[in-house]
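Engineer: Let the hints inform the model, and build the full structure from the sequences given.
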Amino acid sequence: MGDSAYSFSLTTFSRTGKLLQIEYALNAVANGRTSLGICAKDGVVIATDKKLASALVDVDSVNKVEAVNKSCGFVYSGVGPDYRVLVRKARKSAQSYFRMYREDQPVSQLVKQTASVMQEYTQSGGVRPFGVSLLVAGCDGDGTPRLYQVDPSGAYFGWKATAIGKNYVNAKNFLEKRYQEDMELEDAIHTALLTLREGFEGEMNANNIELGVVRKSDGEFRLLTPEQVQDYLDEAN
Amino acid sequence: MSRDSNYDHHISIFSPQGRLYQIEYAHKAASSASGLTSVAVRGANSCAVVTQKKIPDRLMDPSSVTHIFKITEKIGALVTGIYPDCKSAVQRARYEAADFTFKYGYSIPVHVLARRIADIAQVNTQSAGSRPLAAVFLLVGVDDEKGPQVFKVDCAGHYLPFFATASGVKEQEAANFLEKRVDNMKEYTTDETVRCAIMCLGSVLGSDFRGSEIEVACVEGKNGKFHALTEEEIDNHLNAIADDADA
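Here the protein sequences come in this chain order: A and B.
Residues are numbered in our numbering as their position in the first sequence, beginning at 1, plus a constant of 4.
Residues are numbered in our numbering as their position in the second sequence, beginning at 1, plus a constant of 178.
For the record, the hints were derived by calculation from the structure and aren't laboratory data.
As the structure is a prediction and not an experimental result, all values here were calculated from the model.
Don't be surprised by glycine CBs; every beta carbon is placed ideally from N, CA and C.
Just so you know, not all the hints are guaranteed correct.
[Claimed, not checked] Examples of chain A residues lying across from chain B (beta carbon under 7 Å, computed): (1) Y28; (2) L60; (3) S65.
[Stated by the list, open to error] Derived CB-CB ranges, DEER-like: (4) N177/A - N184/B: 30 to 40 Å; (5) D424/B - D238/A: 42 to 52 Å; (6) K324/B - R19/A: 48 to 58 Å; (7) D424/B - A240/A: 47 to 57 Å.
Structural biologist: Right under this line is the structure:
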């Protein structure tokens with residue numbers, strides 16, 4: 005990382021005690037496309053708005069939701085290229101854990117690892133913080149479904165339901181009203197779609213959103229195909 | 179010192195609004211520096227790239243001024259922007275492709291190379307030591323599994339697969355032209371793909387050109403080689419387009 009000519013940190017304290025580069029990075033996240041996640045009692049769903057600027061893009065080949073190991077998936081809001089760096093590092097870390105222990109790295113450890121990478125970039129020489137917030141969905145070591153958010157500062161939080169990116173305040177309010185403690189995964193997916201539609205510009209269809217799901221029953225993270233997404237959308241209508 | 183956010187214009191740190199000015203400036207440089215517009219189109223079994231050929235000085239050897247580069251036998255790139263940056267990025271792409279073949283024993287798929295070039299571009303946007311390269315790649319090739327592919331890789335490290343796309347001074351007008359035809363492109367034969375790209379450039383630049391004023395390259399089929407068209411081949415296409423227009 006950061007083998008540049010700058011041996012001093014670019015993220016330094018302002019007079020009022022703030023780390024402005026991190027705050028600006030959060031602004032970059034708030035300008036990004038909305039993503040959200042909901043943790044149900046039998047699984048986790050993460051979803052994102054995949055709307056791309058041009059009809060010329062081959063949308064089916066673009067993936068924002070990425071599986072990091074068998075039981076864990078990421079989605080983001082913010083600067084795409086920075087996200088890819090984090091996914092790559094997370095995959096390497098997960099593979100390295102598997103090589104040592106022959107088991108999937110539990111999601112809470114993966115999150116700690118990724119968050120610590122993001123923190124390094126706020127304190128190391130000659131680099132800027134990552135301009136992404138991540139939503140991480142996975143099943144923990146004991147099988148409990150978990151949803152985490154990781155911020156550019158390296159801070160991470162476990163959530164029952166949350167949203168990041170454009171319009172996240174309204175989305176979170178919407179989620180707060182609809183969330184229930186003993187929600188089931190199918191309801192969670194339904195609610196996720198409704199929340200996503202709230203702030204969506206234009207028509208929402210199976211090709212301009214992405215959904216990823218982990219079920220407690222099999223502990224495997226899956227990206228839903230456009231056909232499966234369409235089925236859920238039809239139910240939601 | 180770089181603590182001041184006034185330096186967000188100088189190196190790749192965030193501005194108060196969360197923008198990265200260096201990347202935005204790199205894009206501007208890449209679009210307008212060369213004064214060229216480039217187009218790439220994907221057909222049923224082939225891809226074509228077209229760009230203008232502007233020779234700054236009549237004493238120059240025209241064959242030495244090209245924006246079309248072979249990255250591997252099967253993958254080609256049309257790179258627009260500041261010419262030395264383009265050459266540097268192409269050299270790195272060639273190295274990465276060759277290194278992949280050396281390590282894994284088979285030639286690099288287009289989307290893997292596109293991702294690699296994009297990841298390398300991203301490094302410049304996050305560390306302060308070097309500036310982003312003002313070069314935008316239109317990477318084309320025919321993949322064994324996915325068929326023909328066109329990828330646009332930009333200064334920020336964004337990369338997207340396209341049915342057709344453009345970069346350079348008139349990229350927006352070119353994109354508008356292509357959007358109208360995008361639904362038909364999946365069925366285009368190689369000739370139709372090449373001609374669509376040429377017509378797009380013609381419509382955007384508002385002029386007819388001769389074979390010596392544009393560069394065209396294409397790759398056809400899974401076993402095809404990426405190659406530049408000769409002036410004669412380009413003239414044939416131009417004549418065919420003119421005949422269709424008259425008909």
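Engineer: Taking the beta carbons of N177/A and N184/B, is their distance inside 30 to 40 Å?
Structural biologist: holds (37 Å)
Engineer: Any CB of chain B closer than 7 Å to the CB of Y28/A?
Structural biologist: holds (3 Å)
Engineer: Hint L60/A vs chain B: min CB-CB distance below 7 Å?
Structural biologist: Holds, because the Cβ-Cβ distance from L60/A to chain B comes to roughly 5 Å (cut-off 7 Å).
Engineer: With a cut-off of 7 Å, does the beta carbon of S65/A approach a beta carbon of chain B closely enough for the hint to hold?
Structural biologist: The hint holds - S65/A has a Cβ within 7 Å of chain B, the shortest such distance being about 4 Å.
Engineer: Using the C-beta atoms of D424/B and D238/A, is the stated range 42 to 52 Å upheld?
Structural biologist: At 50 Å between Cβs, range holds.
Engineer: CB of K324/B to CB of R19/A, is that within 48 to 58 Å?
Structural biologist: Distance hint for K324/B, R19/A holds at roughly 54 Å.
Engineer: Do D424/B and A240/A keep their Cβ atoms within the hinted range of 47 to 57 Å?
Structural biologist: Holds - the Cβ-Cβ distance for D424/B and A240/A, about 53 Å, lies within 47 to 57 Å.
The structure shown violates none of the earlier numbered hints.
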